[in-house]
Amino acid sequence: MNELISFVISKLNYWVYIALMMIGLYAMIAKNNLVKKIIGMNILQTAVILFFISIGAKTDATIPIIMHGHAGERHAVHAADFINPLPHVLMLTAIVVAVATLGVALALVIKLYQQYQTLEEDEILDQLRNE
Amino acid sequence: MKILKIVIVLLFGSILIYCTLDFPPWGDPRAPASLHVSPRYIEHTMEETSVPNIVTAVLADYRGYDTMFETIVIFTAAIACIFLLRVLRRREPERLMYRHIPTGLTLRIERGFGPPPDSKDFERIDLMWVPYDLIIKTGSRLIVPCSQIFALYVIAHGHHSPGGGFQGGVILGASIILFAISTNLRSSFTRMSEKLAVLLCGLGVFIYAGTGALCIFLGSNYLDYSALSLVLGVDTVTARSHGILMVETGVGISVMAVMVLLYYNLASAGRHDEGL
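Going line by line, the protein sequences match chains A and B. Here the first sequence stands for residues 1 to 131, where the numbers follow the working numbering. Here the second sequence stands for residues 1001 to 1276, where the numbers follow the working numbering.
It is worth saying that the hints were derived from the structure and are not from the lab. Treat the numbers as computed from the prediction; the structure is a model and nothing was measured. Careful, some of the hints might be misleading.
What follows is a set of in silico ranges between Cβ atoms, one per label pair, in the way DEER data are often shown [unchecked claim]: (1) Q117(A) x I1079(B): 49 to 55 Å; (2) E1110(B) x V48(A): 52 to 58 Å; (3) V1231(B) x V16(A): 47 to 53 Å.
Footprint (simulated), chain B over chain A, 3 or more residues, beta carbon under 8 Å [what the hints assert, rightly or not]: (4) 52 to 60; (5) 97 to 105.
The beta-carbon is built from N, C-alpha and C at its ideal position, and this holds for glycine as well.
Can you make the complete structure from the sequences, with help from the hints?
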């Protein structure tokens, strides 16, 4: 029983992100409204970001900012004492790309609404077929 | 049809969960992701760049190209948003709504008959009725300057604490968007016009790319900030720290302008007259 609990705890973070990612994927493939699809895409991006951040975690480590003092006082730095900074760097830029894609996607949706007076995908497809 | 989509999602999810059995447990210091390149960054950042915040140093120095093109990505997003939505020749609406401030009356006035533009008693409001919102206006008047100062702190102190150009730029942009939400789009144009926002958007990218080009002119590689020691009069390690601050400033300016431009265009569907 104890082994099972420790196994679940060691993998729980991945499962939470997979659940989030599946919510986003379901919204993207099953929802009819385009704004809901875009929000689904955003949830999926958030799941990927959280997944990367959790990869960088180390037990008994602190945030990747080195303690430093005045007058050149330096301590030896051990990699095990600081969490992995690389996922943070990569995801910092990924968040910005997420915002940029969200902005452009919403702009496209506004343009579509001006053209077709609706945001439902099937109604837009109907109008396209009837033209 | 809906069943099929649920089955696809569940299938995909269970495959992913099956794959996690091979993953290292959470917080494992010997996970493959933490073994190869990141120890090099953690152990040598302080002596090579004198920046205590490793994330900032890796972002702006070791991976400087990545971040530069990241800035160009959001610049492109703002430009794309303008090209998609901006309406340059717009029809003035037939009727305009004004509020008589002393009495709180809302007036609908035909075009051409409005009060004088410098009138203190009338303010133009959007066609969708906007309630008189003293609490929101006063509250945002308190919050906006505080958040702007905090944003500048986040940009400037990004070397020593969590922060940097992207985060500070987003907070700066959010403060301007908060001002636009709490009043209306026209009064935020008086503080930050579209022209200024576009100019700042390009200026941020220019500062970043210009810092890199300056390094070439000083006889080094592109974005190798140690060459800046010739101009700044400090040793090469400190020069890298200052170079990071320069590009972070560019990133902050650019991100702030992009947030504002995206908001302006999305909130008014590119017409820039009425909106939140």
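| message | When the structure is checked against the list of hints, which entries are broken? Sort them ascending. | response | Hint 1 alone not satisfied by this model.
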